[in-house]
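Asker: Full structure from sequences and hints, please.
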Amino acid sequence: MEYHPLPQPDEIPVREREDAMGAYFMMFATAALGLPLPIINMIAAIIYYFVNKSKGRFVQFHTLQSLYSQIPVTLLNIGLVVWVITNLVKEYDFTEVFWGYLVMTAVANLIYLIFSVVGAVKARKGLFYYFLFFGKLSYAQVYRVRVGDGEQQRENKPPKM
Amino acid sequence: MMRTSIIRDLVILLVIFGFIWGIISLFPVFPEKVELVSIEREQELGETYLEAILKNSDFEEVTSEEMTNAVEAIGLRLENALEGSEYDYRYLVVDDKMINAFTLPGGNIIVTTGLIEFCGSPEELAGVMAHEMGHVEMRHVVSRLVKELGIAILTSGDQFVMGEVTRIITSTGFDRKQEQSADLFACELLEDAGIEPRTLATFFRKLRDDQDNELLEKFEIVSTHPNFTHRIREVLEYVPDENFEEIPMEIEWEEVKGQLPEGRVSK
Ligand SMILES: [Zn+2]
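For the protein sequence lines, the chains are A and B, in the order given.
Going letter by letter, the first sequence gives residues 1 to 161 in the working numbering.
Going letter by letter, the second sequence gives residues 1 to 267 in the working numbering.
Just so you know, these hints were derived from the structure itself, not from any lab.
Please note that a few of the clues may not be correct.
Unchecked claim - In silico lysine to aspartate or glutamate, EDC-like type, Cα no more than 20 Å apart, as pairs: (1) K147(B) - D93(A); (2) K147(B) - E35(B); (3) K97(B) - E60(B); (4) K90(A) - E234(B); (5) K147(B) - E91(A); (6) K90(A) - D175(B); (7) K97(B) - E61(B); (8) K55(B) - E164(B); (9) K97(B) - E65(B); (10) K177(B) - D93(A); (11) K97(B) - D209(B); (12) K177(B) - E96(A); (13) K218(B) - E60(B); (14) K125(A) - E11(A); (15) K177(B) - E91(A); (16) K136(A) - D9(B); (17) K147(B) - E96(A).
As the list claims (entries may be wrong) - Just a sample of chain B residues kept apart from chain A, beta carbon distances all over 10 Å, derived: (18) Q43; (19) N56; (20) R139; (21) E164; (22) T170; (23) E234; (24) Q259.
Predicted model, so just to flag it, every value in this text is computed and none were measured.
Cβ atoms here follow ideal geometry from the backbone N, Cα and C, with glycine treated the same way.
Answerer: Okay, here's the thing in structure tokens:
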């Protein structure tokens, strides 16, 4: 598998750094807004991704990493909201399994928040920063050389005999 | 190679979070405190409370043997149908015009003469008692005490604690969910004991029609959520097995009622 070379910090224009940083801030800003209905911030995040996707690989990487890492956190939050409402409506008990889930979700949100802040700071400096799992996933998706990528299309080849 | 690395990361994440969830679920931060009171301990507590309640309240045990025997007989019928109970049940009739039945820890069930008077048949009383036994078997009684007074208080025999215990036991109810499960328990137990479970519905209907009766004020079945229409429906929805056969109670109910203390003979 081939990957595109990574740009070095001095090669990344300020404009791109800011857009990359914005991805993290934008996502947890909407995450807070979307707390009662966590699906809202997912939609906002996806829109943000598609709007910024074309601004170069550096921006795309950070945006994608932020988007990907937000998905499981959002799912956990949705699960929590649904669980609490179900318990209240049906008067079920809040079991140990529920408390375990609550703590796990809280930890996930906290870690997501911390990593997003670090990610934003690094992005502003024109640096890459890889989250566990999501970093590699985003890198692989954004930087892998695909057939049909611009560079290859512009390559001149002799006619097929 | 990239793919293996990504999968390894994913596994690490899943393990970390699964571990957090699992560890809290298995070693609860908020333990189910009722578990900490063993059945033996509950029985001991029940004894103490019973003594205290009889001593400190206006309740007086009824002397009429006919009446205590009748209640005892109903209790026994239910107990025989109860499989694998860890409790030694004990039934007491106290002289009180309030329509009431309450349950102390350890399976001590107290019914008032007022309740006996209110019940149109021994089967109706059996319904109430089966409901109370549900609270015992599902440990609602202890959990309510633990919830309100805390575990430490429950194990000490302090006088003020006793006062609180008495108040809780004789006047406050259970929550709606506990009531529901006690109703269901009662239906099943009644069926197993050869008593038509839907007698309970009849009884609830009587309670509903008489909701303003002051004498009902402290009745735990009524106290918290007097949503009788719903409860009547739930009981009626309980359909006994097709082989179910009613075994009549050999109790002369009118005679039992005749033993009520003077001036309070059934209408
Ligand atoms: Zn009850």
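Asker: For a quick check of understanding: which of the numbered hints are violated here, in increasing order?
Answerer: Nothing - there is no hint that the structure violates, so all of them hold.
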